[in-house]
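Enquirer: Listed below, chain by chain, are the residues.
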Amino acid sequence: MRQEYAWRSLVLAGILGFVGVSIILQIIRIQNSPEAATFRRQTASQANITETYYPDRGEIYDRNGHLLAGNKTVYEVSVDLNNVKDKHAIALTVGVQLGLNPDTLYSQMMNPPDGVQTLVLADFVDSDKAAMLQQIKAETDKQAAAAGHASSLTGLGFRAHPQRSYPEGALASNVLGFVTREGRGYFGVEEKYNDLLAGNKVNVTVPTDPSKAVDIPRVPNGTTLILTINRDLQAATEQILDESLTKYGAQHGTIVVMDPRTGEILSLASSPRMDINQFWNYTSIFHNASEYDRAISMPYEPGSVIKVLTMAAALDSGTVVPSSTYLDTGALLIGGATIHNWDMQAWGIQDMVGCLQHSLNICMATLSEKMGAQNFYGYMNRFGIGHLTGVDLAGEAAGRLKVPGDGDWYPVDLATNAFGQGVSVTPIQLLMAASSVANNGRMVTPHILYAMLRDGRQYNVSAQYAGSPITANTAHTLSQMLATSLENEASGALVPGYRIAGKTGTAQIPTQFGYDSALTNASFIGWGPVDDPKFMIYVWLEKPTASIWGSDTAAPTFALVAQKTILMLNIPPDNIRNQVAKP
Amino acid sequence: MQNVNYTVDNFIHAYKQAPWRIQMQWIGAFLLGIFGLALVAALYLDITSQAGIQGRNIQDMTAQLVVIQHTNADLQNKLAETTSTYNMEQRALALGYQPIEPSQVEYIIVPGYAAPKPAILAVAPALKPAAPSEPPEYTQSLIEWLDQQLRMPPAISMIGIAQ
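As they're listed, the protein sequences go chains A and B. Counting from 1, one number per residue, gives the positions in the first sequence under our numbering. Counting from 1001, one number per residue, gives the positions in the second sequence under our numbering.
Simulated from the structure, these hints should not be mistaken for lab results. Fair warning: there could be bad hints in the mix.
Unchecked claim - The calculated EDC-like cross-link candidates involving lysine to aspartate or glutamate, where the alpha carbons are at most 16 Å apart (straight line), are: (1) A:Lys85 / A:Asp141; (2) B:Lys1078 / A:Asp141; (3) B:Lys1078 / A:Glu76; (4) A:Lys129 / B:Asp1074; (5) A:Lys543 / A:Glu182; (6) A:Lys534 / A:Glu489; (7) A:Lys137 / A:Glu76; (8) A:Lys201 / A:Asp232; (9) A:Lys247 / A:Asp552.
It should be emphasised that the depicted structure is a prediction, and the values quoted were computed from it without experimental measurement.
Model the full structure from these sequences, guided by the hints.
Expert: This is the structure we're talking about:
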């Protein structure tokens, strides 16, 4: 009996052992089968995914913390071609919701590019539209799940990513520039500081196995920039520019407001402007890149505003003093060419204040002749004429100052350059040069960056000085002369309650056939208050038709901008300031 | 007396040599081994599953962080649009405000008044963790964890002793 039980046990043990060994052998076989190798390869290939983390582009603020350029979320709408169930339904839904042609979408899905598994149907879709589409998909999926079949919108996917956004629209568009969908900055701050704003992308290999979670490296966002721009002053400046262009029938114009003590650009208006949220309109608005920001990119013959520099050079070199006189005969022959005053008249005996007040070309030509070419061009060189200012905006042009030795320089240029013809400058160049007069002889480099924010720290940009082309004494003397000349002239640039120094400019425009006397560039450069300048303003109106003269067009425009600047910078009138200074 | 001792010795010997007792010893050893293996397996599964759950949580939170950052950027953008120069001007005009003219401004000398300095725009520096943010529980293997536990010094009472 015991023997029989023993046999049964042995048989049962043998069977179980056989089953066990069979299972083990099967496991070993499967582990080493070609299919297993394929699965292992697939697992290895899907074990890690390489993800690229793009930092959000740094924001741009004005000096008071108002957002000028930020980022908003947009969506990429795509379809997983390996997982799609109903291409018709997807094409129709996406087409209707996003305003695209369903037939085109369907055709794209039916004929995808080789190797593409995820087909992008639309990109940069607004969050509102994407949310609507996501809601439709969620409802469709829910209904399909309840009915027990796959959703017709299976395969439709969304990926959020940031897009540059400019909440102020066209405001300061000439300063900011814009960012294309490829993420590259063009013009202005966006181009100049593109690398800082964009930050550095980081590639990370991330295991898909959640038990192997790795630390995602912190991807620092691009550097945030704070500009010297005052948003409200910028808006006011642009409004005044637009009104002046209309009022005086000018084709284009630019106005720059700068702090002469630091070189901080407080506002920079240029025409035309565009809503930089729709940067693709650039080519229909601008004909070439130099039109984008005329203040820095478009050199022109400035005319009499350059007389500030000529007089500064003459005073500083000791060629003349304010009381020096000369006899204005109305014509001066230099280098085979005859120089005339703007009104073709003779002004008789004039001192240097009268010279500035009446903007006499012959006076300036006489001064440059007396100084000599080497001395005159030496000063112009130290004022930075013909050189880049180094302003931190993309696309600055250097202008042109011909000097003796250049193939196209003639002796008459010494005379014409002294009153702003035959020399091309940008408004920002003249602002920088004249800042030496407003700033005790020290010339400041104009700049637009107030501070940078990175890793929670603020790095302020300090003022940079570009030398002292003239002495402080010369600067004070010339400022007083310019203020007096404006007051004597009862200029339209005067601002009640504030003493202003400045100079008008009216320059004929050179053409292929010589200068066109009917078309001019009207300019004005000025600063105030004279005893403690807190702002400098440059106005350039291109081809005004209401009047060709800067005194009739640019000077009143200057006064309007100066009044707004005074209000917004909270600068008390001279008499109040003097009371505070002398308690 | 001698016979009694002999009988007891025989009984003890018989008990030690009893077949069922040897079987019980084998079964006990086997079950002990099984229990040990099951304990290790359970521990391993527990730690692995916890690591997996936490890893998934990290992935979810990372995704949430991105969404929150995007939402923040969107809100900031909307706020900037709402308070843009144009909108603020329109709202001010709708409320009956007018642009001020220079002649309307009255300046008053206030002794001792100092104009406010420009605000520091930067936010407070973000706190940086002193230690790696990824705890060892997410990276070490079971053997490493056991090794760490075995090497860990015994807990010491932190109660001070007064003299």
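Enquirer: Now, for every hint given, state plainly whether the structure supports it.
Expert: Comparing the hints with the structure gives:
Of the pairs offered as hints, the one joining lysine 85 (chain A) and aspartate 141 (chain A) holds, with about 12 Å between alpha carbons and a cut-off of 16 Å not exceeded. Restraint check for lysine 1078 (chain B) and aspartate 141 (chain A): the C-alpha separation of about 31 Å exceeds 16 Å, so the hint is violated. Only pairs whose Cα atoms come within 16 Å are accepted, and lysine 1078 (chain B) paired with glutamate 76 (chain A) is rejected, the gap being roughly 21 Å. Under the criterion of a C-alpha separation no larger than 16 Å, the hint pairing lysine 129 (chain A) with aspartate 1074 (chain B) is consistent with the structure, at around 15 Å.
Between lysine 543 (chain A) and glutamate 182 (chain A), the direct Cα distance comes to roughly 38 Å. Violation of the 16 Å bound is thereby established for this hinted pair. Between lysine 534 (chain A) and glutamate 489 (chain A), the direct Cα distance comes to roughly 23 Å. Violation of the 16 Å bound is thereby established for this hinted pair. Pair hint lysine 137 (chain A) plus glutamate 76 (chain A) holds up; C-alpha atoms about 15 Å apart against a cutoff of 16 Å. As the CA atoms of lysine 201 (chain A) and aspartate 232 (chain A) are separated by approximately 35 Å, the hinted pair breaks the 16 Å bound.
Annotation: proposed proximity of lysine 247 (chain A) to aspartate 552 (chain A) holds, straight-line Cα distance about 11 Å (limit 16 Å).
In summary, the numbered hints that this structure violates are 2, 3, 5, 6 and 8.
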